[in-house]
Each structure stands twice: as structure tokens, then as C-alpha cells.
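Participant: Below, each chain spelled out in residue letters.
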Amino acid sequence: MSVKVTIDGIPVEVEPGTTILNAARQIGGDIVPPAMCYYSKLKDSGGKCRTCLVKVSKGSEKDPRPMPKLVASCRTTVMDGMEVQNITSPEVVEARKGIVEILLINHPLDCPICDQAGECDLQNLAFDHGAAKTRYEFDRRKFEKIDIGDKIQLHMTRCILCYRCVFVADQITDHRIHGILNRGDHSEISTYIKAAVDNDFSGNVIDVCPVGALTDKTFRFKNRVWFTKPVEAHRDCDHPGCNGKVTLWYKGEDVLRVTARKDVYGEVEEFICNTCRFDKKSTGDWVIEGPRKVSNQSVISANHYETLHPLPVVKTNILLQEANKEQFERETRL
Amino acid sequence: MESLSNKRKVIESKPLNFWERAYLPAILHGLAITMKHFLFKKDVTVRYPEQKREFSENFRGMHSLKRDEEGRERCTACGLCALSCPAEAITMISAERQPGEENLYREEKYAAVYEINMLRCIFCGLCEEACPKEAIYLDGDIIPADYLRKDFIYGKDKLVEAPLNQ
Numbered sequence: 001m002s003v004k005v006t007i008d009g010i011p012v013e014v015e016p017g018t019t020i021l022n023a024a025r026q027i028g029g030d031i032v033p034p035a036m037c038y039y040s041k042l043k044d045s046g047g048k049c050r051t052c053l054v055k056v057s058k059g060s061e062k063d064p065r066p067m068p069k070l071v072a073s074c075r076t077t078v079m080d081g082m083e084v085q086n087i088t089s090p091e092v093v094e095a096r097k098g099i100v101e102i103l104l105i106n107h108p109l110d111c112p113i114c115d116q117a118g119e120c121d122l123q124n125l126a127f128d129h130g131a132a133k134t135r136y137e138f139d140r141r142k143f144e145k146i147d148i149g150d151k152i153q154l155h156m157t158r159c160i161l162c163y164r165c166v167f168v169a170d171q172i173t174d175h176r177i178h179g180i181l182n183r184g185d186h187s188e189i190s191t192y193i194k195a196a197v198d199n200d201f202s203g204n205v206i207d208v209c210p211v212g213a214l215t216d217k218t219f220r221f222k223n224r225v226w227f228t229k230p231v232e233a234h235r236d237c238d239h240p241g242c243n244g245k246v247t248l249w250y251k252g253e254d255v256l257r258v259t260a261r262k263d264v265y266g267e268v269e270e271f272i273c274n275t276c277r278f279d280k281k282s283t284g285d286w287v288i289e290g291p292r293k294v295s296n297q298s299v300i301s302a303n304h305y306e307t308l309h310p311l312p313v314v315k316t317n318i319l320l321q322e323a324n325k326e327q328f329e330r331e332t333r334l
Numbered sequence: 001m002e003s004l005s006n007k008r009k010v011i012e013s014k015p016l017n018f019w020e021r022a023y024l025p026a027i028l029h030g031l032a033i034t035m036k037h038f039l040f041k042k043d044v045t046v047r048y049p050e051q052k053r054e055f056s057e058n059f060r061g062m063h064s065l066k067r068d069e070e071g072r073e074r075c076t077a078c079g080l081c082a083l084s085c086p087a088e089a090i091t092m093i094s095a096e097r098q099p100g101e102e103n104l105y106r107e108e109k110y111a112a113v114y115e116i117n118m119l120r121c122i123f124c125g126l127c128e129e130a131c132p133k134e135a136i137y138l139d140g141d142i143i144p145a146d147y148l149r150k151d152f153i154y155g156k157d158k159l160v161e162a163p164l165n166q
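First to last, the protein sequences are chains P and Y.
Each residue of the first sequence is one higher than the one before, starting from 1 at the first, in the working numbering.
Each residue of the second sequence is one higher than the one before, starting from 1 at the first, in the working numbering.
Don't read these hints as lab results, they were simulated from the structure.
Simulated crosslink set (DSS-like; lysine-lysine; CA at most 27 Å straight-line):
1. P/LYS251 <-> P/LYS325
2. P/LYS293 <-> P/LYS245
3. P/LYS222 <-> Y/LYS133
4. P/LYS251 <-> Y/LYS133
5. P/LYS97 <-> P/LYS58
6. Y/LYS66 <-> P/LYS222
7. P/LYS262 <-> P/LYS245
8. P/LYS41 <-> P/LYS245
9. P/LYS217 <-> Y/LYS133
10. P/LYS4 <-> P/LYS55
11. Y/LYS156 <-> P/LYS251
12. Y/LYS66 <-> Y/LYS156
13. Y/LYS133 <-> P/LYS142
14. P/LYS293 <-> P/LYS222
15. Y/LYS133 <-> P/LYS97
16. P/LYS43 <-> P/LYS4
17. P/LYS133 <-> P/LYS48
18. P/LYS145 <-> P/LYS48
19. Y/LYS133 <-> P/LYS133
20. P/LYS142 <-> P/LYS222
21. Y/LYS133 <-> Y/LYS158
22. P/LYS4 <-> P/LYS69
23. P/LYS133 <-> P/LYS97
24. P/LYS281 <-> P/LYS151
25. P/LYS315 <-> P/LYS293
26. Y/LYS158 <-> P/LYS222
27. P/LYS293 <-> P/LYS280
28. Y/LYS52 <-> Y/LYS36
29. P/LYS222 <-> Y/LYS150
30. Y/LYS52 <-> Y/LYS42
31. Y/LYS150 <-> P/LYS251
32. Y/LYS133 <-> P/LYS145
33. Y/LYS156 <-> P/LYS222
34. P/LYS133 <-> Y/LYS66
35. P/LYS229 <-> Y/LYS133
36. P/LYS293 <-> P/LYS229
37. P/LYS262 <-> P/LYS48
Start from the sequences and build out the full structure, keeping to the hints where you can.
Facilitator: Okay, here's the thing in C-alpha cells:
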């Protein structure tokens, strides 16, 4: 038993109870609504940022009336015969532009300093959907700096209150020691009585954070993301619940940063433990699988050129292979 | 065959007359032109580097890293200049500003090392265009000649503007 929905004119059959966002992800491509707070690996996430708003132009086969307002696609389940408009509806595009503007009201424009720049969801969202200039004239909100440990850096000013890290703390780590304090404009991510975030899986809050509010302190200001080279690697991790599959970010010979592997929607495939993330930073700790595929639209792929090793002319010639052996070994090491 | 364009010239070669065959008047005439340039015309060259020509307004020369109104370095080592550089001439190492250095660096992060290889640089000005902090401008002179390659790698000592009160 499956239900049929149409998203931007593309029909898809999904299980009943699937959300519109996940139905769109089954189709894939441009019609997938962007999501800042929804995270498929975290239960109950979503419904906060409103970037995934879509227009339901036909409610269902039984009740074909359109829904009166735009709905959050990450929270709305599909109905049989539902028709959804995302990028084909000017209303949605306009609303999304407004949402980006609101998200950016209190977000500082410190991308040149932020370590997340280059792989930031909000940066991409604003680039694709936002206006080029801000209309906001008032001071942005400020917070007292809170140190949440020597591994994770919290920049509260950059937070968009997506609650993803709170869900990680709730669901992945065994006891939660950080959360959202205060209400409304004063809401902030913090730890109770400034306790350090100290759990084997606490590092995952860095990966789930869509902005640069939670960043890796061991990578802080080390390098820009687009100068580093992502390489897929794995190791045998003793920790139950961590399978040790990661992305290493190289600069030259050094591993500057270790992150979990992310899929096309910027969500991690599997959560990794803090030992893998923070303590194993030499090539010897890892089994290298190969370079990570980076979309050629991403800034991370800038100035990285692919060359075939060995060159086709050398491949068939054993004499040339022998003569250039040393060079191949050097070039194919990474 | 008829010519396609009417540009063909028919060359007439008349025999030279006596004065033309003597060559001397032609030589003297040529010498007179030389002497006229040598003695009475202004030099077209200048004695660089003591003497310099006026540059056009949009001339792109040596880079300088700017300071803001309070004399703090504007550069935050965001790396956009290095990213945009088609010659890959720029490298930098960033560092975090320590408490007490607020009068030296404008932002939380600054470039501890900032190097431009002037032999690689093509003076295209893309770094200037990419800079979000208005920190780099190619407003200097022509890069002076030198003997060693290593001396063309300009660090912050040569690039950063002089402090305000000096």
C-alpha cells in the first residue's frame, strides 16, 4: 500500500506517513526543499527553521482543496493524490527569500573568520535563495562567551536555533548536558552551570550544526575548508556504536580535521566517536579509501585538478612505467 | 589573370641619377636627422628608478595590506584572495588574536604569515576584488629587480602598510 504524490509535477509513490520532504528526496534533484533544522538521522527534528516551506495545491484525492497556507514539508505527511509545488511556485520562492532574510537578521556576517565558511548550509541557502543585501539596521544580538570544553567551540551569535545539536545530545549521547536556555530572542544554546560537554559522541554536534555556531576547536583557524583535501578513510574503532568511517581533511601531509561522512543533503551517514574525531590525526591511524567526491559546484573543489595517474601514454609502456616509478608512488600516495 | 583586389602596385625602377648614385647627400641627410634628435629633441626614456613616470589611476603594482582608521590590520586571513588567485601566488597562515592585541588586529582572526610570490603574481587584481575586508590593494610601485628567487617572496614585513603615527 503506497500513496501517490506529485511534487512540482513529478509523480512519486511513497509509503504512507512519509513527509513531503522525504518524498521529494526520493525524487532528488532541484525540487528537494532545502532544510536547515530537519535531520533525517535525528528523531523529532524539523519544523523550526521554515526554509522547507512548500505549497500544497491539492490536499488529497478525497479532499482536493489546497492547504490555506504554505506548509513545512519536513513535518507534513503526504496524502494520496497530493500535489505539491516547490520551485514552481513563485509564492514559495518569495517566502523562502523572506525566511533567509529572517535567519540572517541576527547572524553575524563574519564568514571571512568563520571556520564553517565553504561548507555552511546557511551560506549556501543565502547564496541560492537570499537577497544580496540586508535591510536590518539594528544591532545584532550579543551573548557572553561560554566555553563548552577544549574540543568544541561555541559561537552563540552564529546560532540559528535549529535544535539539531540538542537532539544529538538527547538521542546519541546518554545524558544531555547542554540545551536551549531562555526564551524568544534571548534563547541560546548553553550548558547548565557551564559544565563541559563531555561524552564519547559529543563531537557530532559539530557535524550536525548547519552554521558555524559549533565548530571543531582543534581545527579552529587552522585553514580554510577549500584549501584542504577531503579523503575517505576508516579505522577499526573499539567504541561500540562507532564504525570508524570518516572523512579526513588533509593539507599537504597533515590531517587537519576529521569529520563524519556527509551525504548530498549535508547530513552525516553515520555518527562517529570523539576518539576518531579528535585524537586520531595522523595518516598512520587510518586506512585510506580514496579522495572524496566533491561536487564541482562546491568551493571545496576549487583549484583541484584531476589528472590520470599514470598518464594514458605511460600506462601501456612498461619501460616508461619503470622509469617513472618513484614519481607515481609519490603522486598516488594520497 | 585579373587581380581580385585592385591593390597591386606596379613598381617602376628608374635608373639612379648622378647625385643619387653618389650616396653622399643621402648620408648627410640621414646624419642631419640623427643629430637633430641627438641635440635638440627631449629624451623619450626616463632614468628609472631614480626618475619615475606618472602611473595611470588604475595601475596595478605592488600589493599593500591596509590598516583601518585605528591602525589595526584589516586582513583576517579568510583566504579568498588566495582562492581567487589564478597564479596561486598567495599563501597565508592564520592565527587567533590574543587578548590585548585588539589594537593590532581588527578581527578575531588575523594572518600570522602572509606571503605573495611576486614571480608568480600576474598583477591581475583579482585578490583586490575578492577581498571582503578591503584589506589588499595593488596600489604600489613596480616590483624592484633582485638577484635571488627567494627575495621575491614578499612577507608581511614588506606588504603591510606603515602604522599610522609614523
